[in-house]
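Novice: In order, the protein sequences belong to chains V and G. In terms of the working numbering, the first sequence opens at residue 3 and continues consecutively. In terms of the working numbering, the second sequence opens at residue 3 and continues consecutively.
If you are wondering where the hints come from, they were derived from the structure by calculation, not from laboratory data. Computed from a predicted structure; not experimentally measured. All C-beta atoms in this analysis are idealised placements derived from N, C-alpha and C, irrespective of residue type, glycine included. Do not rely on the hints blindly, as some may be mistaken.
Cβ-Cβ distance ranges computed for the label pairs, FRET-style [what the hints assert, rightly or not]:
1) Glu-263(V) to Leu-101(G): 45 to 55 Å
2) Glu-28(V) to Gly-44(G): 26 to 36 Å
3) Gly-74(G) to Ala-202(V): 26 to 36 Å
4) Gly-74(G) to Ile-198(V): 27 to 37 Å
5) Glu-307(G) to Ala-305(V): 50 to 60 Å
6) Ala-134(V) to His-297(G): 28 to 38 Å
7) Ser-192(V) to Gly-75(G): 20 to 30 Å
8) Gly-75(G) to Ile-198(V): 51 to 61 Å
9) Lys-34(G) to Met-297(V): 52 to 62 Å
Negatives, chain G to chain V, calculated, CB over 12 Å [to be verified]:
10) Lys-34
11) Met-83
12) Leu-90
13) Pro-213
14) Glu-289
15) Pro-291
Each computed PhoX-like pair below joins lysine-lysine, with the alpha-carbon atoms no more than 20 Å apart [said to hold, decoys possible]:
16) Lys-169(V) to Lys-138(V)
17) Lys-259(V) to Lys-246(G)
18) Lys-181(G) to Lys-246(G)
19) Lys-12(V) to Lys-279(V)
20) Lys-260(V) to Lys-34(G)
21) Lys-188(G) to Lys-246(G)
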Amino acid sequence: MSAVPYPREKSIALLTDMLRIRRLEEKAAELYGAGKIRGFLHLYIGEEAVAAGCMPAIAAGDNVVATYREHGHALLRGVPMGAIMAEMYGKREGCSRGRGGSMHLFDAARRFYGGNAIVAGGLPLATGLALASLLKKESRVTVCFFGEGAVAEGAFHESMNLAQLWKLPVAFFCENNLYAMGTALARSESQTDLCIKAAAFGMATLKVDGMDVVATHDAATKACAHVRSGAGPMFVEFQTYRFRAHSMFDPDLYRDKKEIEEWKKRGPIHTFSARLKAQDHLSEAQFLDIDARVMREVDEAAALAEAGTWEPVEDLTRDVYTT
Amino acid sequence: MTVTYREALRLGLREALAADERVFLMGEDVGKYGGTYAVSKGMLEEFGPERVRDTPLSELAFVGAGVGAALGGMRPIVEVMTVNFSLLALDQIVNNAALLRHMSGGQVSVPLVIRTSSGAGRQLAAQHSHSFESWYAAIPGIKVVAAATIDDAHGMLGAALAEPDPVIVFEYPALFETKGELSAGKVDIAKARVRRPGRKVTLITYGASLPKALKAAEELDGEVVDLRVLRPLDTQTILESVRKTRRAVVIDESWRSVSLAAEVAARIMEQGFYDLDAPVARVCSEEVPMPYARHLEEAALPQPEKIVAAARAIGA
Ligand SMILES: Cc1ncc(C[n+]2csc(CCOP(=O)(O)OP(=O)(O)O)c2C)c(N)n1
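Please construct the entire structure, taking both the sequences and the accompanying hints into account.
Specialist: Rendered as structure tokens:
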């Protein structure tokens, strides 16, 4: 167990962020069971160290593109928890007015360009956002999150090539949780070392332990600095694991329960807490206090969603065109 | 035998794999996962990984590989998880599957079957809910069929595999839990069917809208025509019904503009105009990407009440 190399305050912020995602999603799962949230719901539980480590490394002026498993990314990008919860309810107070639901959280003011539910659909978009920054001579980085399943799509390869060819300011953050729905990486890729794929385009790469928030934070910081310096794009593979099923419809029969238990031992929240405790940056009482504060935030978010309003049906066809 | 629509699909798939060594199934999560909708559950165990092939998330490549395998003498069944993801494979479907026969001057054929699912109603929002049947029905060189009943869920796959050219079979998750009698006979993929006789108005539809049309028909003394085959359209069955009822409402879950409903209405105008007592009406999805919120999704889709209202408005 290595010491956390950050000032206490920074470590506590990282821990709090991971807890905020965890508790928000546990509540979402509960509300799904109660029929308040419907459609698809993809939980990020187990993978929190990735979003929690990356988001503080991304500047307010940068762009973020994510997938349908994006509650954590949206939350730590600054979208209020209540607006996320209201979106999952389908209420007007949701961050996408209830039009998108869990898979399509958006917040343009925070440069959060969505939850995209087509696998690899976000990569060309991120490439284009980066192209705009290049043309406008802005020092903006675009960060694109996606799962390892996306590397099989043509959109991945075409975007990687374009980004490297044009030296675009984009960071490709691949969250490798080993399974694309029920398909294990080794059953779908001839080359399972994802960094080698990126390197084939001449792109700079990093491979990191996605269960360790220190590792993810350091990697994201490096990657954003590299991209911001004008050195071109960068690919980072975060090796992580989802503790829950792919979605609420998935019976999860394709994984060994032992494998899940093994990964849970490396759970990002309890391992990080243990390190902080070992170096006297955290006591159990302080942990419980943080957790209680987070739970209050979650309860308030759920209450806001519950009290939210339904958009009138007369407005059904709004926002198809701008004017 | 009483089965669910899902079981009927599974039976049809098993029979197809058992009947012909050249038939194999490939697609995302069709094997180890057991199929996104559990249609191919048990197939991997029964037929082995050679013939039940899990693919990576590479729609363009594996649909295209299906075209190639068909050219090479196999009888591939390619499953595309939902029609939304078929858009990633559109190039291979249009520029290869549909065109090869003609472009080669008739030298080669592509006996490929694509199975995919379509339709809204489960709050899956805009990237998972649209109906693109009419896009595919616009393309010469492919056949498009839509299974709305237990018998069609069971039999359309076998009929599609017997075709020498590419066929897209649409399946409807909204119907997967419906139960019904499975009859023993084979089904054709040539004709539309009258699913309910009636006198006052003809309700023409396909796919997941069929139960809605049947419900509306009870109130209207309506005759319900299930198109079944979306390309080539069986215009004759439509015209015969309209000649009898003198009124028609077309119900289509696609967006209204440039939809199958538009095509059906145009054919009635061209060939059945003098049999009509009123203009043809349409009930389609509203022209908006599918919203997530339940009440908005319901409002965006064709519903029995809207069908009744449309029929009443033309005097039925
Ligand atoms: C183009 C496309 N094909 C298939 C799907 C269905 N689907 C949704 S998520 C998913 C698995 C993706 O896995 P991965 O990219 O590793 O991300 P994860 O879900 O593990 O976060 C699949 C097959 C889709 N949404 N889009």
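Novice: Work down the list of hints and note, for each, if the structure agrees.
Specialist: Hint-by-hint comparison with the structure:
1. About 52 Å separates the C-beta atoms of Glu-263(V) and Leu-101(G), a value consistent with the hinted range of 45 to 55 Å.
2. One distance hint, 26 to 36 Å for the beta-carbon pair Glu-28(V) and Gly-44(G), holds here, with the actual separation near 34 Å.
3. The hinted range of 26 to 36 Å is satisfied by Gly-74(G) and Ala-202(V), whose Cβ atoms lie roughly 29 Å apart.
4. A beta carbon spacing of about 31 Å between Gly-74(G) and Ile-198(V) agrees with the range 27 to 37 Å that was offered as a hint.
5. Range check, Glu-307(G) to Ala-305(V): Cβ separation about 34 Å, and the 50 to 60 Å hint is violated.
6. Take Ala-134(V) and His-297(G): their Cβ atoms lie about 37 Å apart, and the range 28 to 38 Å holds.
7. In this structure the supplied range 20 to 30 Å holds for Ser-192(V) paired with Gly-75(G), their Cβ-Cβ distance being about 25 Å.
8. A beta carbon spacing of about 35 Å between Gly-75(G) and Ile-198(V) contradicts the range 51 to 61 Å that was offered as a hint.
9. Range check, Lys-34(G) to Met-297(V): about 38 Å between beta-carbon atoms, so the 52 to 62 Å window is missed.
10. Interface exclusion of Lys-34(G) from chain V breaks down, the closest Cβ pair being 5 Å apart, not more than 12 Å.
11. A cut-off of 12 Å between C-beta atoms contradicts the statement that Met-83(G) is not in contact with chain V; the least separation is 9 Å.
12. Not every Cβ of chain V is farther than 12 Å from the Cβ of Leu-90(G); the closest lies at roughly 7 Å, contradicting the non-interface assignment.
13. Even its closest Cβ contact with chain V, about 21 Å, leaves Pro-213(G) beyond 12 Å, as expected for a residue assigned away from the interface.
14. With a cut of 12 Å on Cβ distances, Glu-289(G) falls inside the contact zone with chain V, its closest approach being about 7 Å.
15. A beta-carbon of chain V comes within 12 Å of the beta-carbon of Pro-291(G); the shortest separation is about 7 Å.
16. For a cut-off of 20 Å, the pair hint linking Lys-169(V) to Lys-138(V) stands: about 14 Å separates their Cα positions.
17. Only pairs whose Cα atoms come within 20 Å are accepted, and Lys-259(V) paired with Lys-246(G) is rejected, the gap being roughly 62 Å.
18. With a C-alpha separation of about 31 Å, the suggested pairing of Lys-181(G) with Lys-246(G) is violated against the 20 Å cut-off.
19. Restraint check for Lys-12(V) and Lys-279(V): the C-alpha separation of about 14 Å stays at or below 20 Å, so the hint holds.
20. Distance hint between Lys-260(V) and Lys-34(G) is fulfilled; the C-alpha atoms sit about 18 Å from each other, no more than 20 Å.
21. In summary, the hint linking Lys-188(G) to Lys-246(G) is not supported, as the alpha carbons are separated by about 28 Å, beyond the 20 Å threshold.
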